[in-house]
Structures are given as C-alpha cells and as structure tokens.
Amino acid sequence: MQTTSTGRRNAVWRIGSLLPAALLLVVLSIYPVFNLIGLSLSEVHWADGQSASTFVGLDNYRTVFADQPVYWAGVRNTIVFAVLAVTFQMLLGFCMALSVQNLKGVPRAILTAIFLLPIVIPPIVIGAMWRLLLGRDFGMVNALLQAVGLPAVDFLGNPNIALFSVIGVDVWHWTPFVFLLLLTGLESLDQEVFDAARFDVTSGWQRLRYITLPLMLPTIIITLGLRLILSFKVFDEIYLLTGGGPGTSTEVINFSIYRTFFAQDNTGLGAAMSVLTLGAVAVLIVVVNGLVRLRRRREAKA
Amino acid sequence: MSYLELENVSKAYGASVVIPGVDLTIEPGEFVCLVGPSGSGKSTLLRMIAGLEPISGGTIRVAGDDISNADPSDRDMAMVFQSYALYPHMSVADNITFALRMRGIEPAVIAERLAQALKMLKLEGLENRKPKDLSGGQRQRVAMGRCIVRQPKLFLFDEPLSNLDAKLRSQTRHQIRHLHDELKATSIFVTHDQVEAMTMADRIALLNFGEIQQIGSPEELYLRPRNRFTAGFLGSPEMNFFSGRLELGAGLRFQGPALMDLPASEGRRALVAARCQPGQAVDLGVRPEHLLLADAETPGTLPLKVQTVEWLGAEAYAFGTVQGQEIGLRLPSDRAQTVTLPHPGEVLHLTMQPDSWHLFDAEAGVNLSLADH
Amino acid sequence: MRHAMKKRFHPGNLVAWGYALLILGPMVWILSNSFKRQIDILMGTSFAPMTLVNYKQLLFSRQSDFLENLANSGIVAVISTVIVLAIATLAAFTIVRLQPPKWAVWLLLGWALVFHMLPTLTFVGSWYVMYSNAGLHGTYTALILTQVVHNLPTTLFLMVGFIMAIPNELVQAARLDGCSYGQVFARIVLPLSFGGMAAAGALAFISAWSDFAIALNLSSRHTMTAPVAIATFAQEHEVRYGAMAAASVVSMIPALVLILFGQRYVIRGLMAGAVK
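Line by line, the protein sequences are chains A, B and C.
Using this note's numbering, read the first sequence as starting at 1 and increasing by one per residue.
Using this note's numbering, read the second sequence as starting at 303 and increasing by one per residue.
Using this note's numbering, read the third sequence as starting at 676 and increasing by one per residue.
Among these hints, one or two may not hold up.
Simulated DEER-style distance windows between Cβ atoms [as the list claims (entries may be wrong)]:
| # | chain 1 | residue 1 | chain 2 | residue 2 | range |
| --- | --- | --- | --- | --- | --- |
| 1 | A | Arg136 | C | Gly693 | 24 to 32 Å |
| 2 | C | Leu788 | A | Val83 | 50 to 58 Å |
| 3 | C | Leu865 | A | Pro69 | 51 to 59 Å |
| 4 | A | Ser203 | B | Ser464 | 30 to 38 Å |
| 5 | C | Arg862 | A | Ala47 | 35 to 43 Å |
| 6 | C | Arg862 | A | Thr54 | 40 to 48 Å |
| 7 | C | Arg862 | A | Ser203 | 51 to 59 Å |
| 8 | B | Gly359 | C | Gly693 | 33 to 41 Å |
| 9 | A | Thr6 | C | Leu845 | 16 to 24 Å |
| 10 | C | Gly693 | B | Lys469 | 54 to 62 Å |
| 11 | C | Arg862 | B | Ser464 | 34 to 42 Å |
| 12 | B | Gly359 | A | Ile110 | 53 to 61 Å |
| 13 | C | Leu773 | A | Asn158 | 55 to 63 Å |
| 14 | A | Asn158 | C | Phe722 | 25 to 33 Å |
Calculated directly from the structure, the hints in this document are not laboratory data.
No residue lacks a Cβ here, since even glycine has one placed at the ideal position from N, Cα and C.
Given these sequences and hints, build the entire structure.
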C-alpha cells in the first residue's frame with residue numbers, strides 16, 4: 001500500500017466513492033430486513049408517532065397461518081396473477097416483435113414512442129385510466145360492447161371477472177416492455193445465419209422453430225424470469241382499480257400487507273406477512289437464477 | 303448448354319443503379335472467381351445468383367431453367383458465407399445435416415453423407431462440438447461440409463477466406479480448390495484478393511462499379527489485359543503506369559517522364575502504328591518484372607532514383623517515385639540472392655523487355671496494344 | 676417449383692399497429708374526459724361540450740392542493756434523481772475500474788439486484804417504523820432518501836454498464852499522465868458518461884415521479900405527491916372522475932415530454948437495464 005500523498009488520496013477515493021451507496025443500502029435495505037424480523041416477533045403499540053414493541057414470539061406467524069384467510073387468498077391471487085399476466089405478455093410481445101423486426105425509419109420511431117408510453121406513465125394513472133374505461137355504467141369498453149349488441153360487463157365489480165380484468169390491465173401495461181426487449185434481442189441476432197437458413201428452410205414456421213426460437217431462448221428466459229419476479233410487485237393499479245375487491249377477488253399480497261400495516265395498524269402482523277413474503281420471493285429469485293445458470297452450464301458442456 | 307447463364311442481370315436500389323447489366327455464362331465443372339474492389343457489386347451479384355437478393359432486371363438460368371425469381375431454397379445452390387453463418391445452437395453434425403433433415407432425406411442417406419463429409423474435411427471427432435468451441439479453420443470447414451452434403455448444382459463462396467490469418471488462408475485455398483476438383487463441382491468464388499483469384503480460378507470475372515471489366519483465364523487477364531483497370535488490378539506489386547505521348551517513328555517511343563524506347567517486335571510495332579495516332583496521349587503500363595536495368599546514360603531509358611529497397615530473400619524490389627507515382631521494379635535474381643542491393647539515392651536506368659509493355663488510351667483506358675483474338 | 680419471392684407483409688404487423696391504437700385510445704379517452712363536466716362523464720356522452728372546469732378546480736381552487744402536490748412530486752423526483760446519479764456514477768467507476776474488495780461488489784451489485792426484485796411494500800412497513808421513530812415521518816428528507824435507495828440498484832447497474840463501455844485504455848493513459856483516481860473520474864470518466872447518465876437519470880426520474888406505494892405511506896399532507904392525490908379522488912362513495920382525469924393528464928406530462936425529446940435515452944436505459 002502506497003503511502004505517498006497520491007496513494008493516500010487514491011485510497012480515500014476508493015472508500016469514499018463507495019461509501020454513500022453502501023451506507024444507503026445497508027441502512028435502508030439490509031437493516032429493514034432485520035427490523036422486520038424483529039417487528040414480526042413483537043406486538044407494536046403506537047403513541048405520539050413513536051412505536052413501542054413487546055416480544056411475543058411466534059404469535060404473529062401463528063395468526064398468519066391460522067387466522068388470515070384473506071392473506072392466503074392474496075397468495076393464491078398473486079400467483080394466478082403473475083402466471084397469467086406474464087404468459088400473455090410474453091406471447092403477445094413475442095408475436096409482435098417477430099412481425100415488426102427490421103421495420104425502420106419513421107414508422108419504427110413512431111411505433112417505439114407509442115409503445116414506450118405505458119412504461120413511463122405513472123402506474124396510478126394507468127389504474128385511473130382503466131377504472132374510467134372499465135366502469136360498468138359509463139366506461140368506454142362497455143359502451144363499445146353495447147354498440148355492437150353485446151351485453152355490458154361489470155369488469156371491476158364482478159368477483160369472478162375482476163381478477164382477469166386486472167390481469168388484462170397488467171398485460172396492457174407490460175406487453176410493450178416485453179415487445180421492446182424481445183425486438184432488441186431479435187435484431188441483435190446474426191443476420192447471416194438467417195441468410196444461410198434461407199437455402200434450407202422454406203416456411204416461416206420452420207424458420208421460427210429451428211432457428212429463431214432456439215437462438216432467442218436465452219433472451220426469452222431472462223425476460224420471462226424478470227417479468228415474473230417483478231409482477232409480484234404489483235400494487236398501484238390494483239389500489240385504484242378495485243382496492244382489492246370485490247371481496248377478496250383481487251387482493252394480492254402487497255395489498256394485504258398494506259392493509260394490515262396501515263389500515264389496520266397491526267404492525268407486528270404486517271411485519272410477519274412481510275417476512276414470509278420476502279422469504280418466498282427470495283426463494284423464487286434463487287430458483288430462477290439457478291435455472292438460468294443451469295441452462296448456461298448445460299450449454300457450455302455440450 | 304451452359305450451366306449458369308446470366309443475361310443482362312441488373313440491380314438497382316430505388317433510383318441508384320448498382321449493377322447496370324451483367325452477362326455471364328459458366329460451364330459445368332468450372333471454378334469462376336468474381337473479383338473486384340469493395341463496392342464493385344461482386345457480393346451483390348453472388349447474392350442475386352443465390353436468390354438472397356431480388357434482381358431488378360434480366361434473367362438467370364441454371365441448366366436451362368429460368369430461376370430468376372425462385373426462392374433460395376428452390377435453386378439447389380449452396381453457399382459458404384464470409385462469417386460462415388453456422389447455426390450457433392447446433393452441433394457440427396446438426397449444422398451439416400440440417401439441410402438434409404429439412405428436405406426429409408432418409409436418415410441412412412444423411413448419416414452416410416455426413417460421414418463422407420467429415421472424412422473429406424478432416425472433421426472427424428468434432429461432430430458434437432458447438433461452433434463456438436471450434437477454431438476459425440474448423441468453422442470454415444464445417445461451413446463447407448454444410449454445402450457438400452447437399453450435392454447442389456452450384457457452390458457459392460462469399461469471401462470465405464477473409465477471416466482467416468495469412469498462413470491458414472493459403473492452406474485453405476488449396477483445400478477448397480482440391481475439394482472442387484474431387485467433387486467435380488461447379489463453383490463461383492467471390493473475393494477481393496487477386497492472389498486468390500489468380501491461383502484458384504479457371505476463369506476470372508473482374509468487376510468494377512457493377513460492370514464486368516474482363517472475363518477470362520488468369521493468364522489472359524494478367525498477360526493480355528483489355529483495359530487499364532484490369533492491368534492495374536492483377537499483379538503484386540502493381541503494374542507501373544506512366545502518362546505521356548506516343549511517338550511513332552522508325553521505332554516506337556514514349557514521351558513521358560523521359561523519352562523512352564519501347565522495344566517491340568515487328569508485328570507489335572505494326573499493330574500499334576495501325577491503332578494509334580502520332581502524338582496520341584496514352585498511358586504506358588509495364589509490370590515490375592518486365593523492367594530491366596540498363597547501362598547508365600543509355601538513351602531511351604528511364605532514370606529512377608531509388609527510395610526504398612525491399613529484399614524478400616528469393617526476390618528483391620526497388621521503388622522510386624516518377625510522375626508522383628510509386629514505381630517498382632524487380633531486381634535480377636542474382637542480385638537478390640547475393641544481396642547486392644542498390645542504395646537509396648542511387649539512380650537506376652530502366653528499359654523493358656520487348657513486347658512486354660502495354661499502351662492504354664489515356665481517357666477510355668482501353669488497351670491499344672492488344673492483338674485481337 | 677418456381678414461385679414469387681415471399682413478400683414482407685405479415686399479418687402480425689397489423690397486430691402491432693392495432694396494439695399501438697390500443698395504447699393511444701385510452702389516453703385520448705382520458706384526455707377527452709378531462710375536458711368534460713362530471714355530469715357528462717357519468718352519462719357517458721361522447722361529444723360533450725369542452726370545458727376547463729376540471730383543470731381550474733384541480734389546479735387553482737382553494738380546495739385543491741394539487742398544485743402543491745405536483746410541486747412535491749417534482750421536488751422529490753428531481754432531487755432524488757440528482758443524488759442517485761451522483762452516488763451511482765461514483766460507485767460504478769470504482770466498481771468497474773478500481774478493483775474494490777469482494778464484499779463491496781457483492782453488496783452493491785448482488786444485494787442491490789435482489790433488493791430491486793423484492794416487493795417494495797414489505798420494506799415500506801419497516802421504513803415507516805424507522806422514520807416515525809426518528810421523527811422523520813412525512814418529511815421531504817424521508818421521501819427523497821427512500822426514492823434514492825429505491826432507484827439505486829437500477830441506476831447503479833446502468834452506470835456500471837455505461838462505464839464498462841469506456842475503454843480501460845483511456846483510464847490507464849490518464850493514470851500514466853499523472854492523474855489520481857479522482858482526477859481520472861472528473862476529467863475522463865464523467866464527461867464520457869453524460870449520455871449514460873441521461874439515460875439512467877431519465878429512468879430514475881420516471882420512477883420517482885410515478886412512485887405511489889412509498890409516497891402513500893411515508894408522506895404527510897404537506898408532502899403528498901401527485902399520485903397519492905389522484906388516489907384520493909377515488910374514494911369509495913364518490914369518485915371524482917373529472918378531477919381524476921385531469922390530474923392523470925397533468926401527471927403524464929413529464930413522461931410525454933421525456934418521450935418526445937429523450938426517446939433514445941429512455942430506450943437506452945430500458946434495454947441496458949434489462950439485458951443485465
């Protein structure tokens with residue numbers, strides 16, 4: 001280790017440049033996990049904006065498993081939501097990317113700009129928009145349905161349909177993102193390989209099955225994994241579209257946690273739910289990561 | 303009937319015409335090189351023959367059938383790409399047999415052809431490797447294997463040696479030509495490297511700006527170039543060019559950087575005299591190996607002040623500047639072998655071998671000293 | 676078999692442009708709704724007389740704090756973006772070129788990635804408790820700090836990617852010329868990173884501006900941001916559709932401006948972030 005003044009300056013720089021980021025992450029993202037665990041093992045009382053906890057062991061966890069059907073409905077809803085929403089996003093996004101690849105110039109720029117919109121608009125606004133559109137009595141969608149002679153549908157008020165309406169909004173929201181990602185992936189493939197394939201492959205289906213899909217598989221898997229994990233973060237749209245209702249049909253985990261923590265002021269219970277959720281998502285992340293690594297290792301061996 | 307006929311084939315992108323109109327015929331079993339500088343249209347022409355690029359006009363016929371608008375998969379041609387374009391997700395064996403599997407050929411036949419190809423290309427043992435685990439030379443051979451098993455009517459090569467290092471390039475050159483002969487194939491080989499063209503081709507088609515400058519055997523293009531472009535393209539070091547005027551008198555003389563004698567046989571002298579006007583503006587072209595050292599101050603020679611000398615062991619070249627151009631001559635082999643080389647600054651006096659020179663029209667570039675077929 | 680070369684028309688093209696309409700449609704709808712009176716919205720009349728009453732009430736009336744809410748959103752978004760860019764760029768350079776200790780890289784890249792993927796609301800609960808106990812609940816400080824840490828992973832990854840694209844030879848040449856790490860950063864890396872910072876900054880700003888879950892629970896009445904305000908228009912009994920529409924339109928403006936003028940930065944940020 002140098003002891004020259006430059007050497008010292010450099011050492012200071014190395015530490016100093018990493019310190020703010022590290023500090024923030026430790027204080028505001030690592031410590032909170034421990035904080036949550038601690039809170040989940042306590043009963044918390046609020047007075048004058050200050051909390052006071054008393055240790056109660058695993059009581060909160062017992063409550064979650066025994067006495068919170070809403071939470072478990074939320075778990076089920078969240079899983080259904082994640083799987084369905086991501087599936088449709090991927091299918092729709094991929095088909096559109098296939099058809100649009102190699103579109104250039106002004107039409108492409110316009111298309112890209114339009115497809116960026118759902119991604120950059122505040123999700124709460126998306127919720128507000130679709131709440132207006134899907135309203136039973138004066139929503140545009142029902143107006144259109146009735147204009148062609150179909151009966152009006154209570155998208156947000158019918159417990160059997162509400163979850164699918166919310167899934168639909170999420171698909172609307174994220175398909176453009178998947179589309180843009182897959183399109184970038186498609187256009188980064190070596191075009192000469194496709195030229196070579198033109199000698200052997202006659203139909204679009206053959207090309208898709210033997211060339212495009214295998215080559216796109218890594219990108220597709222990464223996009224799928226990413227979207228799946230991120231879909232567990234959904235909250236804003238549901239808050240505004242249905243508020244978790246009607247009943248519990250659109251209650252997702254985030255919503256349960258929100259209600260327990262802030263509407264019911266039950267910090268300990270909320271913390272327990274949070275810890276469980278964090279654990280589950282962490283497991284999911286590890287699994288997805290492991291699958292991606294496994295695939296990479298298998299490819300390298302062959 | 304020729305194997306491949308291109309009749310007035312042209313290509314335009316919107317308003318810009320890249321290939322005005324090409325006529326080309328190729329006989330079965332021929333190895334033809336399409337050569338030219340970058341942008342000359344040779345790759346475009348090849349891709350049009352393959353069907354990867356639509357043609358804007360003219361017809362393409364293979365063995366009499368008009369295939370001008372046919373899909374690449376229907377033309378029964380196989381192509382080796384510059385970057386080999388191997389399917390990265392398939393093994394060597396799968397890459398080679400992909401075309402046959404797509405065409406529904408019986409597995410037994412596929413296996414047999416695969417084994418043959420692997421043997422011919424010395425790829426045995428590599429069947430299960432993926433392209434990323436192969437060396438450049440191995441990938442190149444896999445690309446060829448892919449073509450061979452299809453037993454196509456025509457083999458197309460798009461600058462396949464450009465990505466190889468120099469040593470590998472010359473080995474592979476021989477391999478490709480050897481394969482072509484063994485398979486009794488018909489091949490079209492695109493390259494910008496004139497050495498590849500000279501050493502591999504039965505015939506060379508030289509292109510510039512989308513037009514064929516000359517078609518013929520390597521000897522024809524080298525010894526009897528029809529125009530200045532062809533003369534300057536083939537040969538390394540390049541042919542030397544001087545601009546000046548022709549003097550017709552008892553003998554032929556060239557008034558350029560100096561008043562130079564043009565040693566000529568009787569027939570040659572008569573030919574030039576018949577073709578050219580006295581005092582006509584012409585470009586004189588002489589290859590470095592045809593320049594001879596003369597005694598100092600002999601009239602009719604060109605003085606050359608030596609600037610650079612290159613000794614390559616078996617050969618030696620001396621370079622100087624005349625009329626703003628670099629001029630080179632090949633020194634006699636005894637001087638190379640004994641390493642008695644001129645010094646920079648020394649002045650050499652040059653004359654040329656009889657009949658070895660060419661006169662090109664200063665404007666149109668046509669070779670005026672070429673005896674017609 | 677001879678046949679014409681396959682044309683480039685795909686029915687999928689229609690789907691893509693159809694989807695584009697599907698995206699624009701709702702926006703136009705909400706735009707038009709924002710100019711309708713509440714009555715017209717409720718009755719579902721398509722061509723009602725245009726009126727600015729929603730906007731006037733929203734922005735200028737005594738009962739509405741929306742202008743203040745917008746300002747809050749702006750303050751939090753801008754300041755947090757500036758801070759997160761500074762922190763992330765500084766750290767990214769060190770991570771990429773200065774061989775930091777393993778634990779630092781694990782923390783900053785590994786944990787940050789995991790943190791990014793975990794549901795935000797789980798952390799909001801803990802933050803609420805922490806800030807309240809520290810007396811910082813509802814302050815700008817709390818909101819800004821939270822936005823910074825929330826956007827740090829993405830911004831960090833993006834800047835790492837962008838700085839990796841700066842050839843190491845440039846850094847080495849500068850060091851040979853006598854620069855300390857700090858000088859290399861200030862004179863070489865920073866100027867070459869502006870494009871990347873624009874992309875990362877665009878994304879960070881959008882994220883901070885659009886944030887709802889954090890602001891909903893950590894802001895007070897004084898520091899309430901626009902998204903939270905929009906949510907308050909949708910109370911159980913009386914949904915103020917006109918106000919909601921107008922507020923939505925106004926909230927979309929920064930995003931629209933960004934797309935109009937900075938489309939390529941947004942794309943660059945999105946694609947780079949996802950590929951990792």
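(message) For each hint given before, does the structure comply? Return the numbers of the non-compliant ones in rising order.
(response) Of the numbered hints given earlier, those the structure breaks are 2, 5, 6, 12, listed in rising order.
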